[in-house]
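*Asks:* Below are the chains, spelled out letter by letter.
2 protein chains.
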Amino acid sequence: MFKLVKKSNLSQARLGELKTKHGTISTPFFMPIATQATVKGVTMSQVKDLDAQIILSNTYHLFLRPGLDIIKKAKGLHKFMGWKGPILTDSGGYQVFSLSKKRKVTDKGVEFQSEIDGKSVFLSPKNVVEIQNILGSDIMMCLDECIKWPCTKIEAQRAVDRTSTWAKLCKGAYKKQKLDRLLFGIVQGSVYKDLRAKSAKELVRIGFNGYAIGGLTLGEPIKETYEAIQSAVQELPLDKPRYLMGAGLPEQIVESVKLGIDMFDCVIPTRNARHGLLYVRLNKTDPTGQLSTNFYQKIHITNAKYKNDFKPLDSNCSCYACQNFSRAYIRHLFMAKEQLGKTLATIHNLAFYLNLMKDIRAMIKEGKL
Amino acid sequence: MFKLVKKSNLSQARLGELKTKHGTISTPFFMPIATQATVKGVTMSQVKDLDAQIILSNTYHLFLRPGLDIIKKAKGLHKFMGWKGPILTDSGGYQVFSLSKKRKVTDKGVEFQSEIDGKSVFLSPKNVVEIQNILGSDIMMCLDECIKWPCTKIEAQRAVDRTSTWAKLCKGAYKKQKLDRLLFGIVQGSVYKDLRAKSAKELVRIGFNGYAIGGLTLGEPIKETYEAIQSAVQELPLDKPRYLMGAGLPEQIVESVKLGIDMFDCVIPTRNARHGLLYVRLNKTDPTGQLSTNFYQKIHITNAKYKNDFKPLDSNCSCYACQNFSRAYIRHLFMAKEQLGKTLATIHNLAFYLNLMKDIRAMIKEGKL
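Heads up: the protein sequence lines correspond to chains U and P, in order. Under the working numbering, the letters of the first sequence match residues 37 to 405, in that order. Under the working numbering, the letters of the second sequence match residues 37 to 405, in that order.
Chain U with its partners taken away, still in its complex shape (with noise of 0.2 Å):
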C-alpha cells in the first residue's frame, strides 16, 4: 500500500510510493479535479501528457448526474471517462455540507435535496463505501461531517464525534464486502489543535489505509491552518500517507509537504486557469538550492501588457501551452472568447502543480526540504 521511502532531516516531509490497482504513485503528489467525470477543458490525454499521477472525482457529482447505475453499465468510472490511471474520490461529505440545501444529519448518515432533480437523497457511511466501489475508486474516502469555518468548539466536537462514528460505519462496510480498494478515514476538528488530535486518534484505533485532513483552507488564518495541520499529523503513523483535502496555494503545499503531507488536490489551477490567472515559476531555488520565498508569479493573461508579448508563459515550462503559444496568442484567446484559451490556461497551471510536485520531491530526495 505505501511505502515510506525518506524522512526529511530538515523538514517532516517524506518521499514515499502508494501502491494502488491502476498503479503507484510517488508521494507527495497532486490530484487534478475531475468532478464531473473530466477534467474541466481538458481532454484525459492532455491530462495523461502532463504525467499526473492520479485524479480525482467526486462522488456526490457523479451520484447526482450521470446517476450510479450508468456508471455501473459503464464498468466503472475509470472506463466511462477514459482515465486507466488511478482515481481518488471523496465521499461526497464536503459537497453536501458545502452545496446542498435542506440537508438533515444525524449519526445514520445525511438526507439532502438533489440539485439536479429535487429528489430526496440519503447518504449513509455504509453506501458512501458501497457507492464509491462501484465507481471503482482506488482510493476511497470515509464519509465525514465538514462544518463552516468559523465554529464554536461544541459544534467542532460534535462534528469530530459523528465523524469518529462514521467512520467506523465505513470501515465495517470496507472490511464486510472485503474490498481490494484503499479506504481512508477524514481528521475533522476545524482549528482546535486538542479537536484534530482526538479526531486522528479514533481513526488511527479504527485503522485506515491512509489520513486525510479535512475541514481546513475554509477562511481561516493560514497560521491556525498549519497548527490544526501539525496535531493532526503528530497522532498519524509515519507508514501511512496523509492528505490535506483541497489545499491549496503553492506556497501552502510546499509548506504542508513540510509537515508531513503527502497527497493534495485543489481547484486553483484548473478554476484560476479559466479565468485567466496563470502561474509561472521565477527562479527554482535559492542559492542554498531550496525553494526560493517568492518561486512563483502571478498573471493576469488579459491585462494589456501582454498584448505584444510573444514569450510562453513560462519559458523553461515543457507543457503544450508554452511549448507552442506565445502569451499574445493566449490573451488573444480570451479576449475573443474562444475556450482554447480556457484549456491552454488549465494545461499551462496544471504542469506548474505537477512540476512543483516533482520538483518538491526531488528536494526531498537531495535532502534540500
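One thing to keep in mind: the hints can contain errors.
Identical copies go unnamed one by one, so any copy, or any two together, can satisfy a pair.
Think about it this way: if two alpha-carbon atoms lie no more than 20 Å apart in a straight line, the pair counts; the simulated EDC-like pairs of lysine to aspartate or glutamate are [what the hints assert, rightly or not]:
id, residue 1, residue 2
1, LYS111, GLU147
2, LYS111, GLU53
3, LYS108, GLU166
4, LYS115, ASP105
Since the hints were derived computationally from the structure, they do not count as laboratory data.
Could you slot chain P onto chain U? The hints should help.
*Replies:* Using the frame of chain U, we list chain P on its own:
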C-alpha cells in the same frame, strides 16, 4: 500550383494536387474553420491528428481582433496560432456584407464599422491583398461583393460588375508585389445562370490561381444552387482548382464534387458539434461501390435514448472521441455542460467530414464517383 491527376468518367469529379507554400494538398478537400485563429474548441494538435490538410481563417475577424499589428509581430498567422500546414484566408468580403452594420460600398471598396470598438474601417481590393499577405496566407481571396438571397437580377448584375472590377484591382496589387502565394477570384451572380457564366468568364480573363464560387447556399433552393455551380464551372479552366465557399451538408459536398468542385469549407461540422448534433456514417457504399443515398445519420446526443448507449459515436471511426469514449459519456458531458463534450463532438464531426473527403478521393480514384 494545381495538377489535375484524374478526371472521372461518371461525372465532372476530379482528383488533383494543389501545391502551396506550406505543403501539397490532395483535392477534393475540406477545410476546418479557424475564424479567430483557432478551430473552436480543439487544439491545432487535435486538428493535425485528424489529418486536416489545410485550415481556413477569416481575414475580417483577425483584422478587427487581434489586429494586423500583432499578427505581423508574431511573424504571421501560422506562427501565431501554431499551425504548420497551409492556410486559406477569405478576403473579409462575406463578413462585411453579412455581419457589419453601417457599411458603405463603392467601386473603391467598402467602409464599415468595427463590431469590436465601433471604429470606421475601410477594406479595398488592394488592402485585402496586403492584409492577407501579412497574415501569411497560402491561398488568398479577392475582395468580392456578396449579396443576399433573394435579390433581383439587377442587384446581382451590379454585384458581378463590382466583383470583376475589384478582382482586377486585387490581381494588380498581387502582381505588383510579386507575391508567391495563390490568389483566387470569386464568382458571383446569385442564382442567375447567365450572370454566373459571365462572372466566371470575366475572372478567367483576368486570370487567377483558382476560382471560388461565392454567394451560394444562402437559403436558395438546392436545385438552383447546383445550376449556378454548373453555369460557373463550365466557364472555368480544367487546370485550376474550384472552391465552393461556405458549403455544405455532406450530400451537397458529394453532389458538388460531381459537378467539378475541388475545395470546401463550412461551419456545419464544428457549429453543429457544439450543439450536440453529430454525424455518423452508415454503410460506406451501396452494392455498386458508390455512396448510398443515405450514407449518414444525424445524432442528437442529448436525446435520452443515448443515456445507456455505451457504443462509440461511430464504430467505424478512428477519431479520438470514437476510440476512447461512449455515446453515454459524451451525452453526460453535454448534460453536465462540460466543455469536453463540445471538444469531443467537434473532433468527431471534423473526422466525419475529413473522412468523407478521403472516401470521395478514393472513389474517384477507383472510378466510382
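*Asks:* It remains to establish, for every hint, whether it holds in the given structure.
*Replies:* Quick rundown of the hints versus the structure:
1. LYS111 to GLU147: neither (27 Å within a copy, 60 Å between copies)
2. LYS111 to GLU53: Intra 27 Å, inter 47 Å, cutoff 20 Å: neither.
3. LYS108 to GLU166: Classified as within; 12 Å inside a copy, 59 Å across copies.
4. LYS115 to ASP105: Answer is within; shortest intra-copy Cα gap is 14 Å, inter-copy 47 Å.
Violation of the numbered hints given earlier is confined to hints 1 and 2; the remaining hints are satisfied by the structure.
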